[in-house]
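Residue numbers (my numbering), protein chains in the order written: chain A, 1 to 138; chain B, 1001 to 1334.
Calculated from the structure, these hints are not laboratory results.
Where hints are given, some of them may not hold.
[Claimed, not checked] When the alpha-carbon atoms are kept at most 25 Å apart in a straight line, the in silico SDA-like pairs for lysine to any residue are as follows: (1) Lys94(A) with Leu78(A); (2) Lys94(A) with Ile1237(B); (3) Lys1123(B) with Gly44(A); (4) Lys39(A) with Gly135(A); (5) Lys94(A) with Gly1090(B); (6) Lys120(A) with Gly1090(B); (7) Lys120(A) with Arg1178(B); (8) Lys39(A) with Asp1127(B); (9) Lys120(A) with Met1086(B); (10) Lys1123(B) with Pro65(A); (11) Lys120(A) with Leu13(A); (12) Lys1123(B) with Gly63(A); (13) Lys39(A) with Arg1178(B); (14) Lys39(A) with Arg110(A).
Here the structure is a predicted model, which means the values were calculated and not measured.
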Amino acid sequence: MTPGQAAAPSSRLSPLETRHPRLVSFLDRLLRPVEAFVKKPIFGCHMCGQCVLHETGLTCPMGCPKSLRNGPCGGVRLNGHCEVLPDMPCVWVKAERRSRFLPWRGQILRIQPALDWTQKGRSSWVNALLGKGHGAFP
Amino acid sequence: MSFPAARGFEAALRSGQPVLTCEIAAGDSPDPQDLLRRARTVSELVDAINVPDNTSGIAHLSGLAAAAILAREGIETILHVTCRDMNRIGLQSQLVGAAALGVRNILCLTGDHPIHGDQPQAKPVFDLDSLHLLRLAGSVRAGRYLSGRPIEPAPDLFPGSTENPFAPPYEFRPLRLRKKVEAGARFIQTQIIYNVPRFREFMSRVCDLGIDAQVPILAGVAPLRSVRAACYMRDRIAGMEVPEPLVRRLEAAGSAPERVESEGIRICVEIIEQVRAIPGVAGIHLMPIRWEASVAEIAARAGLRPARAASPRLGAPERVVAAGAALPRPEPRS
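So that you can see chain B by itself, here it is in the shape it has in the complex (with noise of 0.2 Å):
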């Protein structure tokens, strides 16, 4: 079985051009149609797309069928796997699955937990954690699952994680992150950066560790398209900061929702700006959260455009991602 040549998520990190990713909302509809319209909005205009496994612990379309939905229209994505739904069982065989579907890319993640989601009464399983799961997907690339069985051909996996400086403790989170390298993640996307001086902190801590070498990191931007949405975030989303100065921004736009989401996606911008001139951001990752529609006009204002945009012949390493490079590379898949 032979999918579309993927554009390869991987060359364009590899190009050393900014590269710029966006996640969209895999939705309810079982109609595929439905989430293709969404992908397309945004799919020529970045070199990947998220797709999400159930965030904040509600139940949507699988993520693994809607990234093979797309993998099928020949679109790059990046599946996000969570351990709060399975075991490492359930998670071999998803790794697995995902690179029979051609879908490589895989954002390893803790997940939410259910107790934020609209079913709290289920048992969240939290077998293992990001990091596990990082070991876990680099064992399963080079083609073996835990128990030793070996997977042949063994999936040329392309495993990546996350990793939020706006949550405590602040000192050890350049640590964990170097931890999540050190357990195979060859690429970052942070959490949301509203506050920019404490990312910009962060990013000095990373450089000093020498990790912005290591993995490419991608700065994770989100508009904000309403007064309540920032609220919400602000008051109600763990982890989250939403300084005041940039809700009362939002506050001032007036009360026509066009104008706050125009304050809201000039907010973005400026955000854009100041974190690309910020060491060690290798690109951009944008949450969009249910706005698609929003993506081309911050693309445009912002001058971002996708990595093989700029660089034709993609493909060719010049900036080479040297973390996984301990692991032992299996021969690429024909």
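Excised from the complex, chain A in its bound form (with noise of 0.2 Å):
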């Protein structure tokens, strides 16, 4: 990725990219590949670039086959598994277990937003950092 194509056209440059664009595509090409190494086999992170993890039981909800990011479908089997793959515990049963344990456990009622598909793949700490982690709207 060349700098002055850190991000894709259609997403809003941040004050930031627009001064150091160069910085920021060095940082996230550096970042990229040690957060999909740290989150990957951890959390079976996708790398969708709009990290919620935090807020959804650090569980990633991109393994649902729906990729729902606020809440479980109508279709979780009686036994907590996934109507689509059966042989998978629903993402949002483990995550609305786990979220219990957590001190911030009231962050899983927050309507998350859609996901910002142009964001896909790059490192959502750069993100975090441009103040782009939040998605497309609401």
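Mind assembling these two chains? They're in different frames, but the hints should get you there.
What follows is the structure, encoded as structure tokens:
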């Protein structure tokens, strides 16, 4: 990715990106593999670039076949497993259970914005720094 | 362009009378008469007819087309819109299109995964989820696309959603319902109820949270037509709970289909009577899965009638639906 293309054209550039495009691009390239290396084995991270792990009981909601970010669908099996992948426990059943042990357990009730797909694959840490980790709407 | 004045599902909900809605299959026939025949079987008995959006990921007549055909005949419809087949661009256009065709009641759903349909190879979209869709409907209703471009005049949509009290995590379901109300749901229709104690527990939590005072909640009920249908629902449809005693009652009814059917209707009427007594239930949502002919008998035996029949002066807001009050209300279209 060349410096001028640090962000996809449809996304608004943050002031830091406008001023230091090379730095931002460098940070993203540097931190992307680090983030993936840390979060993939532990949380099953899908690198959506808009991390909400801390608000979903440290369970990556992108593991849901419907990529639901706001709670379980109505198809969860009676044993708590996914309707699409019967061998996999529903990520939201896990998220809800784990969130009870977190001091900030109320966060799971927050309405998560829709994904900004232009940010998929980028480092959510850099995006957080740029103020871009908040999805598309509302 | 003017359409026949809709009888007003929203007005029915505001009347404070128990409301009755019914879901019909959109069918596969491109002949509108086929759909209309099914709709007319129930249209005089209910306040609004739900038109599903390719249920279970099986292609049928488009829900929007079906709703538009019914709206043209002056039948009040609730259009199901799901996130399975369209991204946010398609969904916005669908909502504006629905308003243009005289369909304003929108049921915002996540949608069934195509894996359960007859074409599991299809790519599921799920760009948004049901909460985002509710938000999106709120934005369209306020006269803005997500990009901020204006929609003039702002369509007077009436968005609602669903909840399934019978799927884990049970403690989270009422909280998820509250999230949906916060996202702009102005009415709720629940999943089919066979396990009444579980539903009662769910509703008591919902009432504790004060959600029943914010939005009307319609309890979903469906007649079981055969032992096979009951077993199919129990074993194959995820998130459905059909208790064993009900299946045994159907089995005990004998081998004649008519006797099983009448036992199925009896069970359905019993469930309606139990559910109606639960605090916070504002009405009944019937889902006679391709058995529209049973609706008249169920309604008659359970003493269900549309709210408009009980309250001739519909439109006078007695029990105001408070949810979405924070949303800017566009001027009603003339």
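Now the hints, each set against the structure:
no. : hint                      : in the structure
1   : Lys94(A) with Leu78(A)    : 14 Å, holds
2   : Lys94(A) with Ile1237(B)  : 21 Å, holds
3   : Lys1123(B) with Gly44(A)  : 22 Å, holds
4   : Lys39(A) with Gly135(A)   : 19 Å, holds
5   : Lys94(A) with Gly1090(B)  : 32 Å, violated
6   : Lys120(A) with Gly1090(B) : 21 Å, holds
7   : Lys120(A) with Arg1178(B) : 29 Å, violated
8   : Lys39(A) with Asp1127(B)  : 23 Å, holds
9   : Lys120(A) with Met1086(B) : 19 Å, holds
10  : Lys1123(B) with Pro65(A)  : 11 Å, holds
11  : Lys120(A) with Leu13(A)   : 16 Å, holds
12  : Lys1123(B) with Gly63(A)  : 16 Å, holds
13  : Lys39(A) with Arg1178(B)  : 31 Å, violated
14  : Lys39(A) with Arg110(A)   : 22 Å, holds
The earlier numbered hints that this structure contradicts are 5, 7, 13.
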